[in-house]
Amino acid sequence: MTGDFHVYARAHSGTALGRALLHALSRSGTALDGPLLYARSRTVPRALAALCATAGLALWGAHGAGASVDPERLVPVVALAPLFAAAVIGTSLHTESDELDRTAARPWWRWRAVHLLALTALAAALLSVVALGQPSGFGPSAMLRNTLGAAGLTAAAAAVLGSRLSWLPAFGYAGAVYLGAAGPQRHAATVWAWPVRPGDEPGAWAVALAAFAVGGALYVVRGARGEARA
Amino acid sequence: MSTIRVTGLHVRHRRTVALDSVDLDLGPGVHGLLGPNGAGKTSLIRVLATVAAPNGGRVELLGDDVADHRRRAAVRRRLGYLPQEFGFYPGFTVREFVAYMAWLKEMPAAGTPAAVERAVARVGLADRIDTKVKTLSGGMVRRVGIAQAIVNDPQVLLLDEPTAGLDPEQRMEFRALLRELGTSSTVVVSTHLVEDVAAACTEVTLVESGRIAYRGTPASLTELGASADGVGDHPIERGYTAALRAHRASAATPEGAAR
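For the record, the sequence lines run as chains C and D.
Start counting the first sequence at 1; every next residue gets the next number (our numbering).
Start counting the second sequence at 1; every next residue gets the next number (our numbering).
Hints are supplied without guarantee of correctness; some may be wrong.
Stated by the list, open to error - Derived Cβ-Cβ restraints for the label pairs, each shown as a range:
| # | chain 1 | residue 1 | chain 2 | residue 2 | range |
| --- | --- | --- | --- | --- | --- |
| 1 | D | P113 | C | A176 | 27 to 35 Å |
| 2 | C | V114 | D | T131 | 27 to 35 Å |
| 3 | D | G139 | C | V114 | 30 to 38 Å |
| 4 | D | D153 | C | V114 | 41 to 49 Å |
| 5 | C | L168 | D | G91 | 25 to 33 Å |
| 6 | D | G111 | C | A113 | 23 to 31 Å |
| 7 | D | R58 | C | L57 | 27 to 35 Å |
As the list claims (entries may be wrong) - Examples of chain D residues lying across from chain C (beta carbon under 7 Å, computed):
| # | residue |
| --- | --- |
| 8 | A49 |
| 9 | A53 |
| 10 | A73 |
| 11 | P83 |
| 12 | F86 |
Note that these hints are calculated values from the structure, not bench results.
Small disclaimer: the values here were computed from a predicted structure and weren't measured.
Every residue gets a Cβ at the ideal spot worked out from N, C-alpha and C, and that includes glycine.
Starting from the given sequences, assemble the full structure and let the hints guide the process.
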């Protein structure tokens, strides 16, 4: 695992994260640095790999055969890929040692905020790039909006239900919307059906942003259910 | 000088009362916490460890009220806690696990590697320091837990059944470590093993049905065993059962029940 970080840090020495990692590794000799141990305790390396795999899958779905002919094929990609990414983020909020984490002197809210924001930013960036160059309203804007909205719902679920099942409400909601949105639509659809609306609708954006703000704040303040609270 | 001061402590788990009007003053030394299953020992240790918030009452550790979250952080830096069960992070070695706990307690980074090695050596796991925790035996995992609890040289150390899973030789070594730690810190050890208390503790507190049933020294409990009726093979075991029964008898009288 330490080797993985060294390889990662060297490969990314041009980036700020890579430089910070190299600095941390060279200073301690081994990966005993607190932030790195925190990341490993939450299986962040595995979450990073899963986010990349999600982006790969979305790329295949968005640019695969037939997508350019039939723009409607993009709707499931834009609705589903952010859900998978949010599930990866939500399950990474789990800790194996809740009881000991609760005795930490460190203020947890900062680490929760950094964790959630960093992974959501990465997922949003990867998925937006995947959707670049798509015709119709289902491009980077819709992908970004859905990633933020799904991450917010998942973070709220982690605080209320626990991280292990945090993916469930967002999947349930998006699934219901996907089915319901197939019928005739009224004006209010831009609000309740935000995961399947084109990226240029302010109503859908407002709901997704509100979900991210409220869900994120809930998680940062309370932590995942059954986990460290301080 | 008391380092742990508890007044009027109430803890409820849903409708069950776990601790009822507990007052306790503890100073440096090794304090044995004895009592039957479900008596409230773990509830008391978890409240003292600042892991669970009480439903009522006041808890002061090292002179600070832990209800105040700013003071609580300062207290936690000087606190060590071994829960009855703790999960471990996937893929962590003993060194990484103990170092991570040191980081959570905001120990200065420069001194951490040496403190980790010292704590691991004190529990006799120096040769396993770079082994993954998940590959260790139950007794060794228990010792890793003790190592993380003492890595910051805590002034208050709370151990919930630390000897569970240790073999007899390891238990005797652990008692020696307890006696050494008790010279400078306040150590609270919850246990079912009365002989551990006799061998390593300076004071004994007996908990029964969420109340303090008896307070004294191992010597006074042994004396009680010699003079009163109690079941057991050893005088201190007889003292334990005698004190427990005396408390139950007083709680069963109308006077006791009204308390």
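Hint check:
| no. | hint | result |
| --- | --- | --- |
| 1 | P113/D / A176/C: 27 to 35 Å | violated (52 Å) |
| 2 | V114/C / T131/D: 27 to 35 Å | holds (30 Å) |
| 3 | G139/D / V114/C: 30 to 38 Å | holds (37 Å) |
| 4 | D153/D / V114/C: 41 to 49 Å | violated (29 Å) |
| 5 | L168/C / G91/D: 25 to 33 Å | holds (27 Å) |
| 6 | G111/D / A113/C: 23 to 31 Å | holds (28 Å) |
| 7 | R58/D / L57/C: 27 to 35 Å | violated (55 Å) |
| 8 | A49 | holds (6 Å) |
| 9 | A53 | violated (9 Å) |
| 10 | A73 | holds (5 Å) |
| 11 | P83 | holds (4 Å) |
| 12 | F86 | holds (5 Å) |
Of the numbered hints stated above, those contradicted by the structure are hints 1, 4, 7 and 9, listed in ascending order.
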